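Novice: Letter by letter, the chains look like this.
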Amino acid sequence: MEKIGEGLSCSTKTEVTGELVYIKTIQDVIDLFDTASGKICIVDDAGITTLSPILSELAGTVCTTGSAGSHLAIVSREFGLPCIMGIKLFTNDITFLTGKKAKIVHDGYDKGLLYLLD
Amino acid sequence: MSYVELFSKTTPNKSLLGGKGSNLIKLFNLGIKTPLGFIVNTNSYTKFLKESHLKDELDLLLKKTYAPNEVLELSNKINDFFIDSEVPKVITEEIKRVFSQHNEQFGERVSFAVRSSANIEDSKDFSFAGQAESYLCNKTFNEIILSMKKCWASLFSPQALLYFLQMRRSGKKVNLKDLKMAVIVQKMVNPQVSGVLFTSNVINNDLNQMLINSTWGLGETITNNTVIPDLIILKKEKFEVLKIELGDKQKMLIPNPEGSFTLLVETDPESKRICSLNDHQLLQLHKIGSILEKMFEYPQDIEWAIENDEIYILQSRPITTLKN
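Just so you know, the protein sequences line up as chains A and B, in that order. Letter by letter, the first sequence follows residues 1 to 118 of the working numbering. Letter by letter, the second sequence follows residues 1 to 324 of the working numbering.
If you are wondering where the hints come from, they were derived from the structure by calculation, not from laboratory data. Because the structure is a prediction, the values reported are computed rather than measured. Glycine included, C-beta positions come from ideal geometry on N, C-alpha and C. Treat the hints with care, as some may be off.
[To be verified] No farther apart than 25 Å at their CA atoms in a straight line, the calculated lysine-lysine pairs in the DSS-like style are these:
1) B:Lys235 x A:Lys13
2) A:Lys88 x B:Lys251
3) B:Lys323 x A:Lys13
4) A:Lys24 x A:Lys100
5) B:Lys47 x B:Lys9
6) B:Lys235 x A:Lys111
7) A:Lys88 x B:Lys243
8) B:Lys77 x B:Lys173
9) A:Lys111 x B:Lys9
10) A:Lys111 x B:Lys243
11) B:Lys235 x B:Lys9
12) A:Lys101 x A:Lys111
13) B:Lys251 x A:Lys24
[Unchecked claim] Covered stretches of chain A, going by a simulated chain B footprint (3 or more residues, C-beta under 8 Å):
14) 3-10
15) 21-30
16) 57-71
17) 89-99
Let the sequences and hints guide you as you build the complete structure.
Specialist: Okay, here's the thing in structure tokens:
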């Protein structure tokens, strides 16, 4: 298990695993619409609110910017999904994360940690 | 029938003013400092749909089921209908009249935020969170009318259409007749600092703490995740700063100095390194948070902006996610 990022945990402390999907545009959400179940979506500063239609299906959300007051954090809390905001990733290539199995872990204080499995 | 409501002459009413508009009037009537303005009510939306025959078009378009990959095209089509259709004269004339009054009161350099306020916002079985559109710094009457149309059309954004599709699949009916949009037109604040104040700590559900996110310029960069803002935790019972975690605040959103709308600019290096709020401002926010929580008898999620040391409250709603 390899740690690939750390940010502010903004929702439930529940530990979840799921397949990572990098979401950049509304088209990515459309493409994921029928297969969103159990995925962990990772987004950067573009098109964040577009996740809303599939949130109820997801396992977790991760964002490279934002904080507890951002919309994604607010709606993630409403759906009881673990959510890491302002994550610092130990990779410069987010796209490479799509399809990888990952785990969101709470550090017991206020940080959310993202691990790659296998 | 009236189509436009002045803040000073209306009462909270979700079906007429939408969720956000109704909340705003509650604040205004309680004497909380909020920028002045008016609300184009849901009667306007209904009349526009009827007279432009958009209603028939929408019924036709949305009656059929659609596939997820059709929503972009469908949404574009609907958006074009809204933009190309004429707003009934009784509505534009009423808007023009209050718009001129506000211009006279505030001077010609004033600009306005135009915000969508749907009647279904915050309702339990129709969480429309995140769909709300805002268009900032509109200066002219024509800009306000165009932004208003865009707000109306946002009821049928690609996200919204996906949302309807998902609701249908889970057996809930979406009835076009039940969807209405009011539009808030509110004097812009030109803030040095803006942010969100939760009167309980939403991260660890601690009711004895307040949590603040703040950044330079307009606060949309926080809600839209454009920046990592500063994070401040306060003790609720008696003012005390428990924690300050600086965000990088890479960019800031400012009113376009050369005209309408906004610009996203790079934050200067010095401002990135310091906290966007000083002790005095934190104390003031703590005070307002305590007052609003007491008034509404529940922990609040408050949007605020500070212009020249005056704190304006832009929105206050209950925090929906606190665990007991």
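Novice: With reference to the structure, classify each hint as holding or not holding.
Specialist: Hints and how they fare:
1. B:Lys235 x A:Lys13: holds, 22 Å
2. A:Lys88 x B:Lys251: Given pair A:Lys88, B:Lys251 holds - Cα atoms ~17 Å apart, limit 25 Å.
3. B:Lys323 x A:Lys13: holds, 13 Å
4. A:Lys24 x A:Lys100: holds, 17 Å
5. B:Lys47 x B:Lys9: holds, 22 Å
6. B:Lys235 x A:Lys111: Cα-Cα ~20 Å, so holds.
7. A:Lys88 x B:Lys243: holds, 20 Å
8. B:Lys77 x B:Lys173: holds, 23 Å
9. A:Lys111 x B:Lys9: violated, 47 Å
10. A:Lys111 x B:Lys243: holds, 14 Å
11. B:Lys235 x B:Lys9: violated, 37 Å
12. A:Lys101 x A:Lys111: Distance ~20 Å between A:Lys101 and A:Lys111 Cα, so the pair holds.
13. B:Lys251 x A:Lys24: Since the Cα atoms of B:Lys251 and A:Lys24 sit roughly 19 Å apart, the hinted pair holds (cutoff 25 Å).
14. 3-10: holds (count 3)
15. 21-30: holds (count 4)
16. 57-71: holds (count 8)
17. 89-99: violated (count 0)
Of the numbered hints stated above, those contradicted by the structure are hints 9, 11 and 17, listed in ascending order.
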